[in-house]
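Undergrad: Given chain A, put chain B in place with the hints provided.
For the protein sequence lines, the chains are A and B, in the order given. The UniProt record's numbering puts the first sequence at residues 1 to 587. The UniProt record's numbering puts the second sequence at residues 1 to 420.
Calculated from the structure, these hints are not laboratory results. Only a predicted model underlies this, so the values are computations on that prediction, with no experimental measurement involved. Heads up, a few of these hints could be off.
[Said to hold, decoys possible] Below, computed lysine-lysine pairings styled on DSS-like, alpha-carbon distance capped at 27 Å:
(1) A:LYS200 / A:LYS137
(2) A:LYS414 / A:LYS432
(3) B:LYS128 / A:LYS215
(4) A:LYS200 / A:LYS265
(5) A:LYS432 / B:LYS342
(6) B:LYS342 / B:LYS376
(7) A:LYS137 / B:LYS342
(8) A:LYS265 / A:LYS215
(9) A:LYS416 / A:LYS450
(10) A:LYS200 / B:LYS128
(11) B:LYS177 / B:LYS230
(12) B:LYS128 / A:LYS199
(13) A:LYS414 / A:LYS461
(14) B:LYS376 / B:LYS150
(15) A:LYS414 / A:LYS491
(16) A:LYS416 / A:LYS432
(17) A:LYS461 / A:LYS348
(18) B:LYS342 / A:LYS134
(19) A:LYS137 / A:LYS432
(20) A:LYS134 / A:LYS432
(21) B:LYS150 / A:LYS207
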Amino acid sequence: MAAGPLLLLLLLLLGAAGPGAAAAAAAGPGPGLGPGAALREELLLRPLPAGDVAAAFQFRTRWDADLRRGAVSHYRLFPKALGQLVAAQGVRELHLALTQGFWRTRSWGQPPLGAPAGAELWVWFQDTVPDVDKAWKELSNILSGIFCASLNFIDSTNTVTPTASFKPLGLANGTDHRLLRYAVLPREVVCTENLTPWKKLLPCGSKAGLAVLLKAERLFHSSYHSQAVHIRPICRDASCLAVSWELRQTLTVVFDSFTSGQGKKDWSLFKMFSRTLTDACPLASESKVYVDISPKNEEKEFLEVTPTPTSVHEAVVQGDKRTYAVYDLLSPSLFNSSRSLNVQLKWKRPQDSQELSTPVLHAQRYVSGYGLQTGEISTLVHNTHPYRAFPVVLLETVPWYLRLYVHTLTVITKGKENKPSYIHYQPAQDRKRPHLLEMLIQLPANSVTKITIQFERALLKWTEYTPDPNHGFYVSPSVLSALVPSVVAMKDVDVEESPLFASLFPSSDGSSYFVRLYTEPLLVNLPTPDFSMPYNVICLTCTVVAVCYGSFYNLLTRTFHVEEPSRGGLAKRLANIIRRADPVRRC
Amino acid sequence: MGNGAKLPVPLTVLSSSEADAALHALQDASPGSLTVYVVPESSSLLPQGTNVYVGKHRSALVRAGQGLAALRARLQQLTRVMSFTASSIAAALADRVPDGQLGPDARRHLKSSLGYEITFSLLNPDPKSHDVDWDIEGAVNRYVQPVLDKLSVVANFSVDSQILYYAVLGVTPRFDKESSSFLLSAHSLPHVINPVEARLGSSAASLYPVLNFLLYVPERSHSPLYIQDKDGAPVPTNAFHSPRWGGIMVWGPGSASLPLHVDVDMVRVMEVFLAQLRLLFGISREELPPEFQVESPGNEGLADWELDRLLWAHTVENIATVATTLTSLAQLLDQISNIVIKDDVASEVYRAVASVQDAMAELAEGRLRSAFQASKEAVTSSERAFFDPSLLHLLYFPDDQKPLEIPLPGPCIFFIPACL
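Isolated chain B (complex conformation):
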């Protein structure tokens, strides 16, 4: 089932990626939509052994299969990969679903926020013997900025970098005689982050959550330094990441010779950091059967349909956040009578409710981008209403300052029932 428009070149002579690119020009790819082209079983458009080809925009090519049942199974699997599933939505609501119903990967992804700050830090614990330099500005412009431009639909990003000297990891690595190198075991990794975090500092410019990517150049007495995974084998990328915080990479074998100048290969470093960024956002892919072939997104870092998945999850999470915030506010008002609600706070609450209803209506229609915008406005309004400082003006008003009606009729209270 294709559409009836004309293509400049017959499809059969193109490779699958070129076909996908050519078809992309003809489709109406609004965010949230998926276009599936079914090709005959014997077509040579898809290479041998591949039944499904997932493009980097919002389309896919599927072989028709032996019968309708096989086609249906393939289409079902395809939609589970390219669009949202019950488990991905449950993961987005992970903070509100009780424990035990979710897998271990459920609470790893970054919470939805209006913006993120990304900080790249180079840790040099021994500047006397190591002279480390990295071309972070060029690397950010060349590798990181295209990914962030693609993600700019989701949130505002800002990037900066710093070099920290005399910053040590909190853990002493073990010396391993067989490989004559130092090893950081997997169970000591959680203790690495805390001492470093004191040096990283918080952002003075904005209130957005910060993603830290650290590159650690081990000191001469502790190099070469490798990270061990749970089985004891050194991790190939020599890096690890912590959900909702960021990632750390240890720079590879230092030069044992005395010219102590260390040149950091930014390509290797940025590969690892961008992979960690994808993991932190939850854009990574699960295992796919061998008959699936996914086109690589290239310099942009992620495909359009992966962006859509992120938007679905964030929209749902935003709506749930607004519901929780407004419910908490209502419960607080029930319990504490001293809270003042001014008119502008009330209007923010009304606006939040209206935006949430808008967002849910748009989601029902499948218009993802406007649903996401509405959900962002709803979150902004509800946060502004809940955290307004005027709510607390009379909160701690002491009871003894209230008009004193007790002393005078006090004794009467005891005598009146006695008279009755």
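Bound conformation, chain A alone:
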């Protein structure tokens, strides 16, 4: 068991968490906020190959306060519901993502912030929490109420405690992984009723600033929609003597040129959101729109943006050198010529000649096999870097009713077996706990690694089936975490000065950047009984018994006798009729 690379990777993942190396002083608070709170908002527009465009919103509130349990707290920009939740449940870090759709890494590149399909919640608790499971259950129930999502279905059958993935993204004293809980609900659907409470948490609501663009009927008419909330503690300043709390609300949406039904692939804010920007949020200290105009293949420019941007920003993001056109909504010159800002993107050259640049790391997962007894889960991980190898941590959570056979686990790269240097396997307990499999695999350069494991499908009790059992049962996506070597060297990122999209996963080592990828969720059919059978059995039995028994009884006890012609008054005639209708004569 080679602990060396494991330790190195874990240390790197840990060290990537603390942005304490920032050199500049914290930005001053905005107007009227009093000491200790700052809001920054940002929108990143990134054109994707094939004419789609991805829009990523980030709203970041920094609050210089100490959310100890029981202390009276006075909230200004930080929403009271989340602040009370963090203080009452002893939460150190909270990450909740609600996603609809799947991010196609191979065609679109690395996502700005990855999230699995459905609902994902992972939380690091403080070490002062006495009972982590109880706090986890209460937390998921309260979040379910705040976000109108069915997070109350999170229980011990879909919660795991990863040991190597999901290290803290904020300040951390120690990392006892018993304080971490991770759960995914792949079946969760995201819709307008989840967007509304998410928007309510923003200080300006959806009345001013970038949030006016968040219109539900346009946002859900897209191929991918993901909204997330991240709360973590960060250093207040460069000396890191005090702790501040950071709340980031992110919303990523991909607009599909095909479904929006236009022949031309030009985009503008109005076409995407049916609204334009009129002003910045008065409470924000920074409010910017970034448009990715990076040239591909050393061309000069392939994208034209109007109106003229206020500035141009260059940065190395996810291993690539990128150029951004920046619109600063707080600069007075922006709204001089017109009252509203409608950023328009026009392609200079036809789109079809765009070359897809494959990302360095991408993965797929699928189920194979036949019949309803056994099957096999296969994961394919691609490393397309030409000459660098790097390790990746793979986390798989499989529900208990797919019984994994660990002795059939094989990892094959380029035809040869590739033994993982670290495996953590926790077997499932029926109806209590899912399977947890974590592996650290070294991916050689320019290779495809195939990880397969066989399973057997269990027969559930008849009350455990969902109302539509023939739809299938979901298996949560697997998570790949890696420090991917970058082609271009990266500088240390200063959280306050750099754009928000570059500072969620800061890297301490300039030669690699942190990537977290999610594969597809799987849909697996389990052997399903025919639920109409109890009704059929009852009907059949009752019919047979009634017919047989009734006929036998009649045969045995019916007597026949001659009937007198009816004579007499009405009463006698009525009595005769009644007597004739009675099938059984008085004995």
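TA: Quick look at chain B alone, frame taken from chain A:
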């Protein structure tokens, strides 16, 4: 009739409040008790024109009056003011007494609960033009915390505050040409609360009832904004409260000039909010005849005897709640046979009944504090028993899952009477 102990200074040279303070050291003031000192009619201890002086602890000074009958009348009036009366107990039981027997003020007071959450919110509908700031932390520590410390006998309190931006009142105020200001009429006030309540949110931390105190800074196009009472005159404090919910205050004339910084005077705001808090709890005083003089309770917000009145009302209300809860549970069991009562639920019910009997015995003896504790335990036990989720385990058990005895002997049922 004084007691026979020695005082350091003869009483006649002290003012009434100092005398009260000095006597307080000598008395045994357990909660629920009242000590009345009767002074001679001609004494100069009480100022001219005052016959009764009510102290801020549990004592009072009364002039002897012309005869025993006058003294008796004064003492009766005094006990009605300082301790409970039939009407105050009826108000505590207001939810159970049928309508018509109570006055209009009967159902206004907050229900008795184990804790309350107090939230102060500042509503700023127009952050672009108004830059509002308030020193809520200091104000809470200086003004609100002493009152809540005094009330901590009654319940647990927690305080927090927030600032809400772009929160508007649901009502458009009318412009009044004569005073060149905007007016909110009294009949539009009930419509103000609902749209705001959607923004206030509920507490994520606990299940206690929430008292909301809102301070609204009107936007520039609608200021200055005043609240009108039923007669059309502007209310001096520019605030109103809603029973069992909280209070709203509109911040006074905004600066018409462009430096838009609004500094909120916390003293003025806290005065109004604390007065509303007293009203919500039902600690306010009725009209007293001019010969009564009541000492102001100072920073603590309420006198000991007012606290006692609250405790009497809450104890009675708790006992009535327990009776109602347990009776409802018994009636439910009669009607629905599918409810399961486990052993721990049964023990909670026994404990509730025992605590109620304790509380009533303590009340009969006049020991208020232990009666109140017993009544709180009774309420906790009865709520735990009634709302236990295990009661519902078999509640919706469908009848068709019960063993099927019907089909087989079914036909027999018709034939057997025929054979007889």
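Undergrad: For every hint, state whether the structure bears it out.
TA: For each hint, the structure was consulted:
no. : hint                : result
1   : A:LYS200 / A:LYS137 : holds, 24 Å
2   : A:LYS414 / A:LYS432 : violated, 38 Å
3   : B:LYS128 / A:LYS215 : holds, 22 Å
4   : A:LYS200 / A:LYS265 : violated, 33 Å
5   : A:LYS432 / B:LYS342 : holds, 25 Å
6   : B:LYS342 / B:LYS376 : holds, 23 Å
7   : A:LYS137 / B:LYS342 : holds, 24 Å
8   : A:LYS265 / A:LYS215 : holds, 21 Å
9   : A:LYS416 / A:LYS450 : holds, 10 Å
10  : A:LYS200 / B:LYS128 : holds, 18 Å
11  : B:LYS177 / B:LYS230 : holds, 19 Å
12  : B:LYS128 / A:LYS199 : holds, 19 Å
13  : A:LYS414 / A:LYS461 : violated, 43 Å
14  : B:LYS376 / B:LYS150 : holds, 18 Å
15  : A:LYS414 / A:LYS491 : violated, 35 Å
16  : A:LYS416 / A:LYS432 : violated, 37 Å
17  : A:LYS461 / A:LYS348 : violated, 61 Å
18  : B:LYS342 / A:LYS134 : holds, 23 Å
19  : A:LYS137 / A:LYS432 : holds, 14 Å
20  : A:LYS134 / A:LYS432 : holds, 15 Å
21  : B:LYS150 / A:LYS207 : violated, 42 Å
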